[in-house]
Amino acid sequence: MEVLEEPPISLDKALKMYRVIDEDGNPVGPEPSIPDKLLIDMYTYMVRARILDSWLLKLQRMGRVALHAPNKGQEAASVGATLALEGRDWLFPSYRELGALLVRGMSEEEILDRALTTIDDPLKGSDFAIYGHRKYNIVPAPVPVANQLPHAVGAALAAKIMGDDIVTMTFFGDGSTSRGDFHAALNFAGVFKAPVVFVNQNNQWAISVPVKRQTAAPTIAVKGVAYGVPGIRVDGNDVLAVYTTALEAVDRARRGEGPTLIEAVTYRLGPHTTADDPDRYRSRSEVEEWERREPIRRFRLYLEKKGILGPGDAEEIYRTWESRIEETVVKVLDKPPLPPEVILEDVYSKPTWNLVEQMRELEESIKLLKELGVEVE
Amino acid sequence: MPVMNMVQALNQALREEMRRDKRVVVLGEDVGRRGGVFLVTEGLIDEFGEDRVIDTPLSEMGIIGVAIGMALYGLRPVAEIQFIDFVYEAFDQIVSNMAKIRYRSGGMYSVPMVLRSPCCGGIRGGMHHSQSPESYFIHTAGLITVMPSTPYDAKGLLKASIRSEDPVVFLEPKSIYRTIKEDVPDRDYTVPLGRARLVREGDDVTVVTWGAMVYQALEAAKLAEEKHGWSIEVLDLRTLFPFDKDAIVESLEKTERLVIVHEAPKTLGPGAEIGAYIAENHIELLRGPIARVAGFDTPFPLVHEKLYMPNIARIYMALRKVMEY
Ligand SMILES: Cc1ncc(C[n+]2csc(CCOP(=O)(O)OP(=O)(O)O)c2C)c(N)n1
Ligand SMILES: [Mg+2]
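Quick mapping for you: the protein sequence lines, in order, are chains C and A.
Okay, so the first sequence: first residue is 1 according to my numbering, each after it adds one.
Okay, so the second sequence: first residue is 1 according to my numbering, each after it adds one.
One or more of the hints may lead you astray.
[Stated by the list, open to error] Examples of chain C residues toward chain A, derived with CB under 10 Å:
| id | residue |
| --- | --- |
| 1 | Asp121 |
| 2 | Lys124 |
| 3 | Ala129 |
| 4 | Val143 |
| 5 | Ser176 |
| 6 | Arg179 |
| 7 | Ala275 |
| 8 | Asp277 |
| 9 | Pro340 |
| 10 | Val342 |
| 11 | Asp346 |
| 12 | Met359 |
| 13 | Lys367 |
| 14 | Leu368 |
| 15 | Val374 |
No lab work stands behind these hints: they were computed from the structure.
Using N, Cα and C, we set each Cβ at its ideal position, and we do this for glycine too.
Work the whole structure out from these sequences, hints included.
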C-alpha cells in the first residue's frame, strides 16, 4: 500500500464554521491577541467602506456612476482578509471589494475618480465597477467572474520562481466557483504549491441563483480539499475570524507550504448591482435575518464590551469619515471628464497604423458633430 | 395587433415555441425566477416549470456544453449567455463541438440549438457588457449567426432559429431592447434565415448594416438627403451568415456604391467579408471604393461610447467619401 507522505488535509475545518465572536459581539472561544490600534483600524476601514458604498449607490442614481456592485454586509471579509497582507504582496480583487481597496491604501478620492471616470481616473475609463492601481499592487479585476483566479496563482508562482517573498490574495464569489477558471486555479495552485490565498466571498447569491444551485458540495471550502489545498470555512461576518484565518494562510504561503482556500460565509445585503432588483428572487425576511448578523454592528458591540471603544467613539468615527468622504465627493464631482482620445490609447505599447488612422477619423467626427450641432453623449 | 418591444417579442417567441414543441427548453444564468437580467425569459418558469426553464450554475462552458448534449439527444435547447461578452469560456464547446458535430459525425448527429445573448453597446456597459463579437461566429463554419433590429423580426427570426436544423448564434442588440416598439402579430410566424430586409429605398448608395446600427444609418441617410439630395438605400442584413448576397448585389446594381456599417471592430469585422465578396465577384458594379464605418480597433470603452460606435457623423463622412469619389 502506498504511504502518504504528508498528513491528510483536515475535512473538519472545511465543514465547520470558525468564529471568534457571536452575533452580539460576545466571544465564543479564545480570542486572538490583536493590538487595540489594529482593532480600531479594522473597525474604521469597515465603516469607511460602508459610507463609500452608500455614496456610490447615490452617485449611480444621480447618473454620475455607470454601475456599482455594493459591498454592504461583506466588509468584514474584505477588510479582515486584506489586513493579513504586507504592502509588497499582491491583490487580485473582484468588483465588490471596497474594503480591501481601502486597506491596501487606495484613497476614497482615487476610488471616486475611478467610479466617476474623471480626468484623474487611474484606469482611464476602461470599465465600470473595477478598481486597481499598480502603486498598491492591486490588479484591476476582469468583469468576467473568476478570470482573476489563475492570475493570482501565476503571479504567486512567478514570485516563487524569482525568489521574492511575496504572497498573492484573490477574492471571488460563490457563483465564481462554478467556472473553469476556479478549477484550473485551485488545481495549479495545489500542484505547484503556489503562495496564494483564495478568499471566497460566499454571500449566498450569484445574482438570483442561490449557492445551492452552484454546487452539490456541502461547503465551498471542502472543494479545496479535493485539490490538495486546505479549505477553511469561517464566519465571514466576524472580522476577527477572517483576519486570524487569513493571517495563518498568508504565513503558511510565505513559509512555502502552499495555498489555502478560505470560505467566508457572509451575505450580500444590497442588490447584486445597481441594475438589479432582488425582490424578484429573495425574501425580505431573509435579508432582515442577515441584517441582524451584519459585521459592523457586531464588531462594534465587541469593541464596546471590551472597552476598546468608549461611549460615543463609534459615532465619532462614523461622523468623521462621513464628512471627510462627503468633502471628497464634492471635490471629485467637480473634476472634468476624460478626453475622447483616451478611447484609442493603451491598446498596444505603441499605436498601430490602424489606430493612427482611426484617431484621425475620431477627430474629424468630433468636429463634424459640433458643426451639425449633434450631442452624442 | 399588440405593440411590443423586442424583449416582449422575444419572450412571446420563446413561449409560443415552448408550447408548440415540448423539446424546446431554456437554460442559463438567472433565466428562471429572475426571468433573465433583461427579462426576456420572464414568466416562462411559471408556465413550463423548472425542468424546461433551467437556472444553471455560473458556467458558460457548462451551459453550452450541456445544451449541446441535450441537442444531440433530441431536445431543442435555447441557451442564454447572460451577456455575449461572457461567451468566451464556452468557445471550446462552440468552435470544437457546436459547430463541428455534424461534420465530425459524417452527418449522423447534429446540434439544433440556439445560443441567444444580448450584445453590442450603447448602454454605458463598458468593455465587458458591450461587445459585438459576431465575426468569431461567422468565421466558424457550421454556425448560423443572426441579429434582429426590430421586435417583429426578433420574434420571427428567433422562431426560425429554434426550428433550424443547424446551430444558431442569436445576438440581441440590447440598446434597442425597449426603445423600438411596433406591431407584432400575436400569432405564429417566422422570418426566414438568410434574407435581408430593405429598410429604406434609395438610388445613390447602398448601406449594409444590422442591429442597432440600422437606426444610425437611417439618421445619416436623412442628413445626406437633406444636405445634398442624395438618395440612400439601407439594407438590414438580419442574418449575418449566411448573408443575403443577392439582396446586396441587387441593390448595388442600382446604386453602384457600397457603405458597410457595423459596431464590431473594423479589422476583420463582418464588413471585411462582405466587402471582399463584392470586390471579388462584382467589382464591375462599383463606381469607387467600398467604405466601412465600424467600431474602432480597441476594446469597447466605458467613456465616450457614442464616439466609439459608428454615429451619424461617421456614417455621413463615409457617404460623402463614396459620393464625392
Ligand atoms: C463569466 C461571467 N458570466 C456572467 C457574468 C454576469 N454576472 C456578473 S456577477 C454574476 C454573479 C456572480 O456571483 P458570485 O460569483 O457569487 O459573486 P457576487 O456577485 O455574489 O459577489 C454574474 C452571473 C459575469 N460577470 N461573468
Ligand atoms: Mg455571490
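Checked hints:
no.: 1; hint: Asp121; verdict: holds, 8 Å
no.: 2; hint: Lys124; verdict: holds, 8 Å
no.: 3; hint: Ala129; verdict: holds, 8 Å
no.: 4; hint: Val143; verdict: holds, 4 Å
no.: 5; hint: Ser176; verdict: holds, 7 Å
no.: 6; hint: Arg179; verdict: holds, 5 Å
no.: 7; hint: Ala275; verdict: holds, 7 Å
no.: 8; hint: Asp277; verdict: holds, 9 Å
no.: 9; hint: Pro340; verdict: holds, 5 Å
no.: 10; hint: Val342; verdict: holds, 7 Å
no.: 11; hint: Asp346; verdict: holds, 8 Å
no.: 12; hint: Met359; verdict: holds, 9 Å
no.: 13; hint: Lys367; verdict: holds, 8 Å
no.: 14; hint: Leu368; verdict: holds, 4 Å
no.: 15; hint: Val374; verdict: holds, 6 Å
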